[in-house]
Amino acid sequence: MQKLLLIIGNKNYSSWSLRAWLLLKAFNVDFNEQLIELFHPSATPILNEHAPTGKVPVLVYGEGDEKVTVWDTLAIAIHANDYLTELDLWTGFKKSDAKNNTSNRINSAYCQSIVAEMHSGFIGIRSEMPMNIRAKAKIQPSNACLNDIARIETIFEDCLKERSKDSYLFGSFTAADAFFAPVILRLQTYADASDIALKSTTKQYCETMLNNPHIQAWREAALKETRVIKEDEAGEILSVVGVLADQK
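Just so you know, numbering that gives the first Met the number 0 puts the end of the sequence shown at 247, numbered straight through with nothing missing.
In short, the hints are calculated from the structure, not lab data. In this text, all values refer to a predicted model and were calculated from it rather than measured experimentally. This list has only true hints and no planted wrong ones.
Okay, derived cross-link-like pairs now, BS3-like style, lysine-lysine, Cα gap no bigger than 27 Å in a straight line:
no. : residue 1 : residue 2
1   : K202      : K223
2   : K93       : K2
3   : K2        : K54
4   : K202      : K164
5   : K24       : K202
6   : K135      : K198
7   : K164      : K24
8   : K135      : K223
9   : K94       : K160
10  : K24       : K93
11  : K98       : K160
12  : K160      : K93
13  : K229      : K135
14  : K54       : K24
15  : K66       : K2
16  : K202      : K135
17  : K202      : K137
18  : K24       : K223
19  : K54       : K229
20  : K160      : K198
21  : K137      : K223
22  : K202      : K160
23  : K164      : K93
24  : K24       : K98
25  : K24       : K94
26  : K198      : K164
27  : K137      : K198
28  : K54       : K223
29  : K66       : K54
30  : K2        : K24
31  : K66       : K24
32  : K2        : K94
33  : K66       : K94
34  : K229      : K137
Using the sequences and the hints, build the whole thing.
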């Protein structure tokens, strides 16, 4: 099979790109990546060729009549689970083991549900706290944003209540961790700077995720980017790190 190509946007800003990229990395799916500049004319021909919606991420492989195109992060997760890995994305186990007991089915259902909830909801935090990895920024969160954070913290507490201190949401890394990863980076950008108090469980899970080597690699790449996209900046920027900070 031809090597997969994942088309993504700027790593500092593109939360949906991070989800798909992290998911493939975590489940040992071999792929090339092609980064396009969000909201830039140079991206248009690439998106026109590969992305029916004109958005990233999009996963493509094969040629001619055998070309496979998968757009939308949830679709990429489902396709990867069906065709690209021997591991089950919803439990983190081998597929041969994932269906063996009721506990695995319960975890799989819960994982799929919160992934879908993240995919379709949390509009408050999305609109008011866009991903901006290099920045510390102060916002005045609305009730909708705070309610989203409260719901996310409830999910974290429910998933982690009987797990070890440094556990992922379902023990092993799953699609849920990939889908909630941008939330962790958003909280790092805005929570302390905006006096948003987080529960201890949330803080510990944030630390676990920030120590993930794939997230660290994504973050390091993001800090090397120099483009500032005004459409994806929010609040009062208090400080920046990375290349832009070095240039000041």
